[in-house]
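Asks: Given only the sequences and the hints, what does the whole structure look like? Please build it.
Protein chains: 2
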Amino acid sequence: MSCVLCDSDGGLIVVRTEKFRVIRVVDGEEARRFPAFYRLIWNDHVAEFSDLSVADRHACMDAVAEIERVLRSLLHPTKVNLAALGNVVPHLHWHVIARFDWDSHFPAPVWAAAQRDEVPGGAAARLAQPLVAVDAAILQAISR
Amino acid sequence: MSCVLCDSDGGLIVVRTEKFRVIRVVDGEEARRFPAFYRLIWNDHVAEFSDLSVADRHACMDAVAEIERVLRSLLHPTKVNLAALGNVVPHLHWHVIARFDWDSHFPAPVWAAAQRDEVPGGAAARLAQPLVAVDAAILQAISR
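Those protein sequences? They're chains Z and S, same order as listed.
All the letters of the first sequence, read from the start, carry residue numbers 1 to 144 under the UniProt record's numbering.
All the letters of the second sequence, read from the start, carry residue numbers 1 to 144 under the UniProt record's numbering.
Some hints here could point you the wrong way.
[As the list claims (entries may be wrong)] Listed below are the simulated SDA-like cross-link pairs for lysine to any residue, each with C-alpha atoms no more than 25 Å apart in a straight line:
id	chain 1	residue 1	chain 2	residue 2
1	Z	Lys19	S	Ala47
2	Z	Lys79	Z	Glu18
3	Z	Lys79	S	Ala47
4	Z	Lys79	S	Ala113
5	Z	Lys79	S	Ala108
6	Z	Lys79	S	Ser73
7	S	Lys79	Z	Arg116
None of these hints come from the bench; they were simulated from the model.
Replies: Encoded structure:
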């Protein structure tokens, strides 16, 4: 079976480690509506979180927490959303999404129906920092 | 500010610990469509996962992984979905949901639009085990 997360990076690479990579979603509607949308993608093809060893699970969630801390520190989101779903692509990946009370879907999940119009021209311009600064801070936090 | 997860159990109590409780969602459409829908609710009122100490984060996700393992072992779901959103109730809680390729929303997230009709009479009857057996196994796994 071919797997899109085995066959491609899955987004803009922010940092690679031996165990996982962090990407930023840069294409399509998701990136336009939720610009600070990152994913931690486990390198090995495992489907479920509980397929990881305890050490790998802890390392995975330590990195998720580091991404969350950077988003909170630089962007002051209303809330951070974390999710490992994988119904369509059953290769372990964690969504880490900065949410704002002005985004098109808040307070609904990003997968639900929109609650209001999109920010004209894309939401990235409303962020407190350029996304490249966020990317760089995540690289630094994970590499530490 | 009043908080519904400070002021109530938030569902059917499966197990309580000093740090968190696990509940099963028993009311409304969610329970009818996704009967094996559990939540780990942190006892203290913290909003974000990264508000926890590293020891608490690990304990939290160890418990989430235990719930996931029970769901996999007893119910053989197509996929398990994990999420900490909290946009509406910003008190840390993890959704742990057994998903099946026959459920009303699969492969979409439970928060998205339905993909097909609900199972007539509720989906619980299609599970491989009664939910009380799943509850008991989660109690045992978390209390170990």
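Asks: What are the numbers of the hints the structure violates, in ascending order?
Replies: Failing hints, ascending: 1, 2, 6, 7.
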